[in-house]
Amino acid sequence: MIEHVGQALALLASWKVLLTIAICSVYGLFVGAIPGLTATMAAALLVPFTFFMDPLSSLVAIVTMSAMAIFAGDIPAALVRIPGTPSSAAYTDDSYELTKQGKAELVLGVDLVTSAIGGLMGAVVLMVAAPLLAEVALRFTSFEYFWLAALGLSATVMIASSVPLKAGLALLVGLFFSTIGVDITLGYPRFTFGTIELLNGVDFIPAMIGLFGVSEVLRNMGSATLSFPIAPVKAETIFRGLAQTLWRYKANMARAGLIGTFIGILPGAGADIAAWIAYAVARRFSREPEKFGKGAIEPIVDAGTANNACLAGDWVPALVFGIPGDSITAIVIGILFMKGLRPGPMVFEQQPQLVYAVYLSFIVANLLMIPFGYAAIKASGAMLRVPRNILMPAILMFCVVGAFAINNSLADVGMMLAMGVFGYFLEANGIPVAPIVLGMVLGPILEQNFMVSMIKTEWDLTQFFRRPVALVLGGLTILVWLTPLYPWLAGWGRRRARLS
Amino acid sequence: MKISDTVVGASFVAAGALIVTGTLGYPTLDGGHPGPALFPRILGTLMVALGAGLALQGIRTRDATQAVEWRRLHRNVGVVNALFVLGGVLAYLGLVERLGFLISGTLLLFLLMWRLRVPLLRALVVAIVFNATVHFLFAKILRVPLPLGLLWW
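As they're listed, the protein sequences go chains A and B.
Using the numbering used here, the letters of the first sequence correspond one by one to residues 1 to 500.
Using the numbering used here, the letters of the second sequence correspond one by one to residues 1 to 153.
A hint or two may mislead.
What the hints assert, rightly or not - For lysine-lysine, the following BS3-like pairs were computed, each having C-alpha atoms within a straight-line distance of at most 30 Å:
hint, chain 1, residue 1, chain 2, residue 2
1, A, 16, A, 378
2, A, 378, A, 234
3, A, 339, B, 140
4, A, 16, B, 2
5, A, 100, A, 291
6, A, 291, A, 339
Honestly, the hints are just simulated from the structure, not real lab data.
From a predicted model like this one, the values you see are computed outputs, not experimental measurements.
Just need the whole structure built from these sequences, with the hints factored in.
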């Protein structure tokens, strides 16, 4: 193991990777801090660049960018009462109330340090859990993989969404996209309308850029000339009195770190869900639950820790099973496929340095978060004042060129535009787009493993419950489908639906 | 662009039905077991079911998001701006091979910034500088063959 850590460190220490880390940190902080732009969009726009990087740098780029973006989302939550990314939505009200009481520095200090601590906790769990799970995963057959994919899809719809019916429809759209092209059993072309372009299926990358990049530009076009009052903040004093506050809530941090990581490991649920659940748990066990939502620091500690812890957790199923933990890791899996790498337990044996590099980059990113985050808070006024009416066209340009760069094809740009309009339309009608990506990534896993299982057992469905692990995973999937029967889960879903 | 859940649900029912009919001619595996058709058929059927659920929900809550809003659509700044993006990128796609990236990209940026009320001179300068930067980054550093068109750089 030490040898692999050494190798990974050597890989990370090259000037190219260090430069990538620095650029992606700034990029992540900027995108995260701009309301309306999400970490997922940032990841989708990074993809064309990762096309020209080696696999290691591209993984490091995404890890660093996402960690920084999820923290930076807290900045506008505290200063303008708009969460920078959905992951900060849970505690936006509390943050802004405290800012109004003149405590913006305390809020941002807590945001910054809890983000880093949460991220480090998640990284530790990732380092412990992933290799252990990979050992188990080596013995998995098509039955277990089928159930894992089914569990991921079910969690996406039933737990990760406050509108299961609409999320289910989005998921079906994604799964349908994954069926376009040559089929696995007979090599029969499906839904290609006689074109050659569709034989290989819907190209993942232009679709991603469209769904997350273009649709966000379209959505922001209406508010592109808006400006909002920005509360001033003295960055120099954010660490003052911080240690006492954090020490007081040390148990909260530990709990939230674990909750966040666990939600991350659950396929399909990302950092925003982690924050909401940590918030709900914090209120349940708090001595002063009546203060929540009215300017309490406690939920900020909890949810701020959980959303960053979740990021590392998301990588556990992605690395071990090739099943994305959220929409960002879904994009990561797309990148790995593009590089000819198949995530799964074999990666741990064949390319351990890649896995260790992911671990290390989580640690590096979360340590760097303190100085970089401090600088971002110092520059927050300028960042939030970047004219949106120039920024949106600029992002669109990156989408257009990025989609073209993958295959040097204008048809891809057309596909990106169509997906962008489609995503915009869906979101305007309250249908989330993230399940589409998960469907596109999980669709082939689900179908292939189902067909393989059916053919090898000669269509005996009972075989899906014969192996112990398959039975457990199948049972869990069914439990997830029964979640509407657990009222405490419905509680935060309603609150979330109301706020969003 | 919010339309009623009833209509959205009904469109999903139609889409699901189309998917299922699309698979009717697909070949089967040995022994008559469904092969390529199985998965899309399940998806199509589920789409019909969930779409019908959404439509019913819309009817039950009397969701009538409404012809009225549609008539005012041209006054909805967000929608008009979004149409500018759509038209702009389509025009870009039509022009880029003839005019090249440097010209058509600049035009696209300028059009959108003009629409978003950036002062004209600033919009022009930003469009030229930003587009040239993107060109340098992608065409020169990453060596993406962006269409050259009229300009040879």
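Verification of the hints:
1. A:16 x A:378: Holds: residue 16 of chain A and residue 378 of chain A sit about 27 Å apart, inside 30 Å.
2. A:378 x A:234: 7 Å, holds
3. A:339 x B:140: 22 Å, holds
4. A:16 x B:2: Given pair residue 16 of chain A, residue 2 of chain B is violated - Cα atoms ~46 Å apart, limit 30 Å.
5. A:100 x A:291: 15 Å, holds
6. A:291 x A:339: Roughly 50 Å separates the two Cα atoms, so the pair is violated.
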